[in-house]
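Just so you know, the sequences run in chain order A and B. All the letters of the first sequence, read from the start, carry residue numbers 1 to 532 under our numbering. All the letters of the second sequence, read from the start, carry residue numbers 1 to 532 under our numbering.
Since the hints were made in silico from the structure, they are not lab data. Worth double-checking, as some hints may not be accurate.
Copies of the same chain look alike in the list, so a pair counts if it fits in one copy or across any two.
[Said to hold, decoys possible] Only pairs whose alpha carbons sit at most 27 Å apart, straight line, appear in this in silico DSSO-like list of lysine-lysine: (1) Lys184 - Lys68; (2) Lys87 - Lys532; (3) Lys357 - Lys514; (4) Lys532 - Lys273; (5) Lys17 - Lys530.
Protein chains: 2
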Amino acid sequence: MKIALAKINQTAGNIEKNLLNISKYISDAEKAKCDLIVFPEFAICGGYCGDLLLNEDFIEENIKAADKIIKESKIPVICGTVTKDGKGGLLNSVSLFYGEVSGLAGAKDNLNDSAFNDMKYFKNYNIVNIVKLANKNILFVSIDNITAIKETIKTIFKETTVKPDIVFVIGCSPYYYGKIEEFKQCFKELAVENKADFSYLNMLGGNDGYVFDGLAIYADKNGNFKLTDQSFEERLIIADTDGENVKTEQNDRNKELYDALVIGLKDYMVKNKFKKCALGVSGGIDSALVAAIAVDAIGAENVLGVLMPSKYTSKESIDCALELCKNLNIQSKTVPINDVYNTYINQLTPLFEGKPKDLTEENLQARIRSNILMALSNKFGYFILCTCNKSEDAVGYSTLYGDATGGYSVIGDLLKKDVYALSKYRNTISNVIPEFIITRPPTAELRDNQKDSDSLPEYDILDDILIKILEEKKTYSQIIKSGVKKEVLDKVWKLLSTSEYKRRQSPLGTRVSKTAFSRDITLPMSNGYKWK
Amino acid sequence: MKIALAKINQTAGNIEKNLLNISKYISDAEKAKCDLIVFPEFAICGGYCGDLLLNEDFIEENIKAADKIIKESKIPVICGTVTKDGKGGLLNSVSLFYGEVSGLAGAKDNLNDSAFNDMKYFKNYNIVNIVKLANKNILFVSIDNITAIKETIKTIFKETTVKPDIVFVIGCSPYYYGKIEEFKQCFKELAVENKADFSYLNMLGGNDGYVFDGLAIYADKNGNFKLTDQSFEERLIIADTDGENVKTEQNDRNKELYDALVIGLKDYMVKNKFKKCALGVSGGIDSALVAAIAVDAIGAENVLGVLMPSKYTSKESIDCALELCKNLNIQSKTVPINDVYNTYINQLTPLFEGKPKDLTEENLQARIRSNILMALSNKFGYFILCTCNKSEDAVGYSTLYGDATGGYSVIGDLLKKDVYALSKYRNTISNVIPEFIITRPPTAELRDNQKDSDSLPEYDILDDILIKILEEKKTYSQIIKSGVKKEVLDKVWKLLSTSEYKRRQSPLGTRVSKTAFSRDITLPMSNGYKWK
Numbered sequence: 001m002k003i004a005l006a007k008i009n010q011t012a013g014n015i016e017k018n019l020l021n022i023s024k025y026i027s028d029a030e031k032a033k034c035d036l037i038v039f040p041e042f043a044i045c046g047g048y049c050g051d052l053l054l055n056e057d058f059i060e061e062n063i064k065a066a067d068k069i070i071k072e073s074k075i076p077v078i079c080g081t082v083t084k085d086g087k088g089g090l091l092n093s094v095s096l097f098y099g100e101v102s103g104l105a106g107a108k109d110n111l112n113d114s115a116f117n118d119m120k121y122f123k124n125y126n127i128v129n130i131v132k133l134a135n136k137n138i139l140f141v142s143i144d145n146i147t148a149i150k151e152t153i154k155t156i157f158k159e160t161t162v163k164p165d166i167v168f169v170i171g172c173s174p175y176y177y178g179k180i181e182e183f184k185q186c187f188k189e190l191a192v193e194n195k196a197d198f199s200y201l202n203m204l205g206g207n208d209g210y211v212f213d214g215l216a217i218y219a220d221k222n223g224n225f226k227l228t229d230q231s232f233e234e235r236l237i238i239a240d241t242d243g244e245n246v247k248t249e250q251n252d253r254n255k256e257l258y259d260a261l262v263i264g265l266k267d268y269m270v271k272n273k274f275k276k277c278a279l280g281v282s283g284g285i286d287s288a289l290v291a292a293i294a295v296d297a298i299g300a301e302n303v304l305g306v307l308m309p310s311k312y313t314s315k316e317s318i319d320c321a322l323e324l325c326k327n328l329n330i331q332s333k334t335v336p337i338n339d340v341y342n343t344y345i346n347q348l349t350p351l352f353e354g355k356p357k358d359l360t361e362e363n364l365q366a367r368i369r370s371n372i373l374m375a376l377s378n379k380f381g382y383f384i385l386c387t388c389n390k391s392e393d394a395v396g397y398s399t400l401y402g403d404a405t406g407g408y409s410v411i412g413d414l415l416k417k418d419v420y421a422l423s424k425y426r427n428t429i430s431n432v433i434p435e436f437i438i439t440r441p442p443t444a445e446l447r448d449n450q451k452d453s454d455s456l457p458e459y460d461i462l463d464d465i466l467i468k469i470l471e472e473k474k475t476y477s478q479i480i481k482s483g484v485k486k487e488v489l490d491k492v493w494k495l496l497s498t499s500e501y502k503r504r505q506s507p508l509g510t511r512v513s514k515t516a517f518s519r520d521i522t523l524p525m526s527n528g529y530k531w532k
Numbered sequence: 001m002k003i004a005l006a007k008i009n010q011t012a013g014n015i016e017k018n019l020l021n022i023s024k025y026i027s028d029a030e031k032a033k034c035d036l037i038v039f040p041e042f043a044i045c046g047g048y049c050g051d052l053l054l055n056e057d058f059i060e061e062n063i064k065a066a067d068k069i070i071k072e073s074k075i076p077v078i079c080g081t082v083t084k085d086g087k088g089g090l091l092n093s094v095s096l097f098y099g100e101v102s103g104l105a106g107a108k109d110n111l112n113d114s115a116f117n118d119m120k121y122f123k124n125y126n127i128v129n130i131v132k133l134a135n136k137n138i139l140f141v142s143i144d145n146i147t148a149i150k151e152t153i154k155t156i157f158k159e160t161t162v163k164p165d166i167v168f169v170i171g172c173s174p175y176y177y178g179k180i181e182e183f184k185q186c187f188k189e190l191a192v193e194n195k196a197d198f199s200y201l202n203m204l205g206g207n208d209g210y211v212f213d214g215l216a217i218y219a220d221k222n223g224n225f226k227l228t229d230q231s232f233e234e235r236l237i238i239a240d241t242d243g244e245n246v247k248t249e250q251n252d253r254n255k256e257l258y259d260a261l262v263i264g265l266k267d268y269m270v271k272n273k274f275k276k277c278a279l280g281v282s283g284g285i286d287s288a289l290v291a292a293i294a295v296d297a298i299g300a301e302n303v304l305g306v307l308m309p310s311k312y313t314s315k316e317s318i319d320c321a322l323e324l325c326k327n328l329n330i331q332s333k334t335v336p337i338n339d340v341y342n343t344y345i346n347q348l349t350p351l352f353e354g355k356p357k358d359l360t361e362e363n364l365q366a367r368i369r370s371n372i373l374m375a376l377s378n379k380f381g382y383f384i385l386c387t388c389n390k391s392e393d394a395v396g397y398s399t400l401y402g403d404a405t406g407g408y409s410v411i412g413d414l415l416k417k418d419v420y421a422l423s424k425y426r427n428t429i430s431n432v433i434p435e436f437i438i439t440r441p442p443t444a445e446l447r448d449n450q451k452d453s454d455s456l457p458e459y460d461i462l463d464d465i466l467i468k469i470l471e472e473k474k475t476y477s478q479i480i481k482s483g484v485k486k487e488v489l490d491k492v493w494k495l496l497s498t499s500e501y502k503r504r505q506s507p508l509g510t511r512v513s514k515t516a517f518s519r520d521i522t523l524p525m526s527n528g529y530k531w532k
């Protein structure tokens, strides 16, 4: 049996375009003489559609799209759809499109496990239709996470009288680091336990900062992988149950994360019709990595690096920034901020009532830089990239309306240690980030001789604490016992718990972890908790 | 029977402070010789706590707090709590605290209906313990919305063998306009249908932009209200089943909305320990209303109005703004933006490659004003108020990092028509908003002779379309049939669907509708849908 799995990259809401993409892959699968083609969850509407799912016209258009596929296709098509249950309820469903036997093959009934607030839009509805195709009993389900997959499969295999030979699980579930290995393991186990073939197909591509990994798996009933494809590339892949095994794997953590960040940025820009982007290049590592990702996402010719030196900017920083632009082959422009800064200060000094210099003057510099970038965005249509990282966002070490601005936060879900790791990884492909950028101590250069470590713990200590709080959910005493100093933990918690307001106004960016701020981690902004 | 209902205003996470408040009201209820005191959902931890609910230490502190109440109280206490189910699961529960008979009185099992992502934290757990107190069978449940309340009550009354004499529903559910009447009607009906007394008590106060209305209802089994209290004021109220009826009602839509906006702002500032606020006063109606709300929330002596005129600012605007400040008795400062603006333009002109003036220059002015306000915030600790309204937010008629900035969006969930209505309402209390501000045509004054209606439909048309899309979920053809011009609808939809990125970075503010942006209405930012 030859099964085509379409790893497709759809656009939320653009049914017309998405249908063209589906048609193309159906045609390819027919040419390849496949017995069946499978598309992921939300293949027609794209994911994630949000409140478009409350729009009657949009739903009607989804339903009409099905007719078109039925008419066109010569082989059975399995496709993630949005359908109605006849009582006005909306279903997140799996449809079989194949002439007269077309119909509902399944509907999602574990909605609460979705990242996308599925319960707001859909009804839970347990439909199990085992479909007979090419003499096999095939079960199709749409599920997001491993716990739900295991539970659902257990229930179905217990309750159904016809034992499925093959189970297809389709998803539109967001990537996070670690997901791919978890899913591979899960499908292998399911196959062996249930003595059936198990296949998984996820949506591909970036949408509003979520990255769908396009993971495709086909494990036979002995737990052998006939197919695994974990590239972030749109394509048709074929699982031939009687043919050779096919594997496209990545086993490098840094490469996997880097590729996810590239597709996350690329798809956000493409799907929002931005052609060019600009970012402030400071000579620091964050903007260096973001510039490299941008170049890999949309090409050097579409990236502008803007240097905005102040009187606190060192010559090293300027040299580093220029060298980076040269290495990446991107255009650079320099806009000094001193004159604007001085004019602000002249204007504001009478209001400041003789108060000494403080954060005010530092934040002002960051805000001037943002204004300059936004002016370039307004005038030329540049999409502005935010260069904040997750460690900074965690402790509010950024300026609201200053560096924490832009259309997209490219590395906002990356801890500082991963900023280093990915920069080094990128340099193994081609040496674009100057060595000095990687080895110099981090500094915001908003006052003389400033270093990040003046205000924050060293990043290795900070990242270690953040992992314990955000990922491992350790208790206070567990963290102290692990060797963290009380005053350091108290400071980090205080900064973390009082910076939520900043994170809520920060640009959205690519999620690569299970603990992305504003998505997975949401603390109250009015937070009276004293952790101790 | 004398039942004390404690309309309390708790702080998310501050268990210590919340416990003191609970103790105070228990003591008051004891003094008033009540038979029972009832507290709302999340009375100990405050709402909404978000990921604090994933913190083991925080949960332990919640559980310990119960012991303290049990020890102190001499009358039965019913209280919304967070407890554990013995298998590591967390319950959003109702506890009875009364010496040795203390225990779980109920747990929420309709979590998906919560505004607060309850399913992320809690397990669904259907517990029905009918408690015998003062010779009455009493049922306690914690539920958020009317559909869920009706369903749950129906199930319980069908399944339980002991018929409850009184049902208490406690909540921590957010206010929206219309909620109070819906709930009163619902409780009246429930009482009559089930031939039992029905009482409701909601949390009070603002938290992160949600306002809990503190609604208290006691309807006897004949559907007569023994008690209704819909003031936004913290207090103990007593439903005496043998005594007089007590009613505190508001039947003025504008007053209700205005009061909700005042408590929303006040509580956000108080709970985040801000004492003073500042806002740009432009001479327009939005900033005028926000200034009035601020004065009513935290006192005139704590509000600063900042005039930031440019060369496009009319004398009328300056006069209006100064008159407003005078009427409200707030301090004003004037910071002209021309010098800073000109310096930016000098710096940027070489980069602009001779391109003509456009939105760039307009946005820059708005951003300079934001920078000035933020500088005052940094230097003196002013909390900055955002003055954007919902009609503007809907169509992106604001400048990102410009006027769409600040710690709190005071009227961000108010359509322009309601900005007018509430301004007029406020003037009926004392005449603070100059008449000319209310009657003049809206203008952003970012270029010569600019009017909002140059870029947007007139606000009455715009608001009408927004209501049809956001609240009534009308189809395209229904809206056209209602008399809206196709080109106007297309323009509004285009602006609405392409401005989501701006709204996601906007400050949080008080929600007063069921259709607040970023909370209730979430469109995809990469939105390919062509509505037609």
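First find the shortest C-alpha distance between Lys357 and Lys514 inside one copy, then the shortest across copies, and answer within, between, both or neither for a cut-off of 27 Å.
neither (40 Å within a copy, 45 Å between copies)
Intra/inter-copy verdict for Lys184 and Lys68 if alpha-carbon distance must be at most 27 Å
neither (34 Å within a copy, 49 Å between copies)
My question is about Lys532 and Lys273: at a cut-off of 27 Å on alpha-carbon distance, are they close within one copy, between copies, both, or neither?
For Lys532 and Lys273, the Cα distance is within 27 Å only across copies (21 Å; inside one copy 48 Å).
Homomeric proximity label, Lys87 with Lys532: Cα distance no greater than 27 Å
Classified as between; 25 Å across copies, 52 Å inside a copy.
Is it within a copy, between copies, both, or neither that the alpha carbon of Lys17 lies no farther than 27 Å from that of Lys530?
between (51 Å within a copy, 11 Å between copies)
When each numbered hint is compared with the structure, violations occur for hints 1 and 3.
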